[in-house]
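J.: Knowing the structure of chain A, use the given hints to seat chain B on it.
Residue numbers (the numbering used here), protein chains in the order written: chain A, 399 to 695; chain B, 267 to 608.
Hints in this document: simulated from the structure, not taken from any laboratory.
Built from N, CA and C at the ideal position, the CB exists for glycine as well.
Please note: incorrect hints may appear among the correct ones.
As the list claims (entries may be wrong) - Each computed DMTMM-like pair below joins lysine to aspartate or glutamate, with the alpha-carbon atoms no more than 25 angstroms apart:
id, chain 1, residue 1, chain 2, residue 2
1, B, 492, B, 508
2, B, 525, B, 536
3, A, 422, B, 297
4, B, 451, B, 297
5, A, 421, B, 379
6, A, 421, B, 358
7, B, 563, B, 465
8, A, 422, B, 398
9, A, 421, B, 398
10, A, 425, B, 358
11, A, 606, B, 536
Claimed, not checked - Which residues of chain B face chain A? A few of them, derived with a C-beta cut under 10 angstroms, are:
id, residue
12, 316
13, 320
14, 347
15, 353
16, 358
17, 372
18, 397
19, 400
20, 413
21, 417
22, 426
Unchecked claim - Chain A regions said to be covered by chain B (calculated; three or more residues, Cβ under 8 angstroms):
id, stretch
23, 419 to 426
24, 492 to 501
25, 548 to 556
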Amino acid sequence: MTKNNNSKNPLHGLWALTNRDLKKWYKNPVILLLGIIQPIIWMGLLGKAMNLGNMFTSFSPTLPSTIPQPIQDQIKLAMSDLSKQAMLSIFGTKDYFSYMAVGMMSFIVMFTAMFSGMSIVWDRRLGFLNKALSTPVARGSILMAKVFSAVIRALVQATIVLGIAYVFGLSVGADFTPLNMIGVYAALFLISIGLSSIFILIAIRSTKQETQMAVVNLLNLPLMFASNALFSTSLMPDWLQTIAKINPVTYATDATRQLILYSINMQQLLFDFAYLGVFAAVFTTIGIVLSWRYLSK
Amino acid sequence: MTSDAVIVKGLTKVFNKNLVAVDHVDFTVKEGEIFGFLGPNGAGKTTTINMLITVLRPTEGSATVCGHDIMKDANSVRDCIGVVPQEYTADEDLTGFENVILCADLYGIPRDESKKRAEELLELVELTKFKDKQVATYSGGMRRRLELACGLINRPHVFFLDEPTLGLDVQTRAASWNYIKLLKKEYSMTIFMTTHYLEEADMLCDRVAIIDNGKIIAMGTPNDLKEGLGGDIMTLDIKDGDADVSDIIRKVPRVKEVKKQDGTYRIKVEDGEETAPLIIEAVRTEGHKVTRLSLTKPTLDEVYLEYTGKSMREEEASKEAFRAQRITMRRARGQSTRGGHP
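The shape of chain A in the complex, shown without the other chains (with noise of 0.2 angstroms):
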């Protein structure tokens, strides 16, 4: 009776599964919109209200009157002069806003994958999971849908985040052209794909939410802040900076902020795509090994 041929796709149901996360999302622009009004507001709080480079660049000293105008303006000047080396040295840029907007799309990358791992939960609860199971599709493919549907919706966020950044001013550096933007593609592809491994990993096996809204809780700001995502990493204590020299994060908003803001430093640039691609591959490869061993229980 059943006249399943054996040389169908082995990838057979990896799209319809994505799709299907997909299409609870786009056919819910509320979900949608709520996921980005949070890097909006972080853009507009630290981004414009309380503006980091303010603190260099609006610093007008009031200087004693005894002092006779020319020279007054001389030093104002050349405190200005001052401050931009000193916005320069650290973040790289004149300008923090357009900073910290890039950084906003790794956040909002990170953001998507730490949910990622809830559907997986919901689908276990729901017995969608277990449906899935018994069907001949890969075990692969059911984790790998849900990696590949967190990629896709946070592509699409960053691209929103990033075009909504523009218009509020976001300046992009003088050697941007609109090729680097399949390189920022790229980078934001890998740090997406390894971190959503990652979180539905952890999901992989667990019934409970609440479970994984505290491993979300836990860890959204270390990987936020032990990062150059908002500031430079040359401001913090040395402990710190360890940490952010191992987190993926970092190396995505440098490939990121290289591409669209500084001028590229080739070789920096390749090490950051090669670490994000280490980091990619090897939480996937494990993710698929482990869903054969793991996902059914």
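T.: Coordinates of chain B only, in the frame set by chain A:
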């Protein structure tokens, strides 16, 4: 085919090293029959099904489904089975049609073929009119039917139904039975189903196995099991609950067995109608008063009681199963529980 559709040998599942959910179970399901797994919640029905559908790894023992070993050749098993799980697994955010197509994709059925089959199956379960509506708007009965359509998309050889009528009202349950009978006729499948509704097993199944605490305690056709009881069942209460009149009743001719449970006597008798007056008479001459007497022709209920010593109880299942069941029940009643996807 001559071989049995499902052969189970010594199948065992132990959770967390000490909770024995299924305990060395043996049975076979013949080609083309409806085989019922009957037992209270937590008896091991779903665990057994989950092992047979290759979702759960057995701790011990083996089984073959359509001739394929569930451990060594799991993918061949998956190709030849259809599954309707206890929960409503259809995606609420998708339409009925999209859900069936999704299932087809999981089996790798080419799109032109899957569309044809989806239309045909939705027609069969009478959901054609609602196929482009979101599943969130479906009633419990409609969802069950959609699950049936999804489970049949790969033209399964053996069809597994886990509690196919859980949480449905009486009419919808009766309608579901008709669908199951129709499906069997239409596709001549072997059906393996679990239930804790006795009348359901009685109505649908060619053979049933009664499972309790992970062990099969009786197996046979519903009629054989009922006849195995060897007579009618009488229950009797007397006014003085503390006195024991078992021995008096035993002396009455044609009484085969007397058990006292919670102050009520369960008496197995032949020719219940004629024997009842004799029992009342015997009890009265010993100075006791009968307050209530009922006589039932044996049903699976009595069979169940006979073998387990307790009536079908809603035993507290694991918390997790309970929670899942509650979600299912709530959905069955048509209140949507939205799975939040952040």
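J.: Kindly indicate which numbered hints from before are broken by the structure, ordering the numbers from low to high.
T.: 1, 3, 11, 18, 24 and 25
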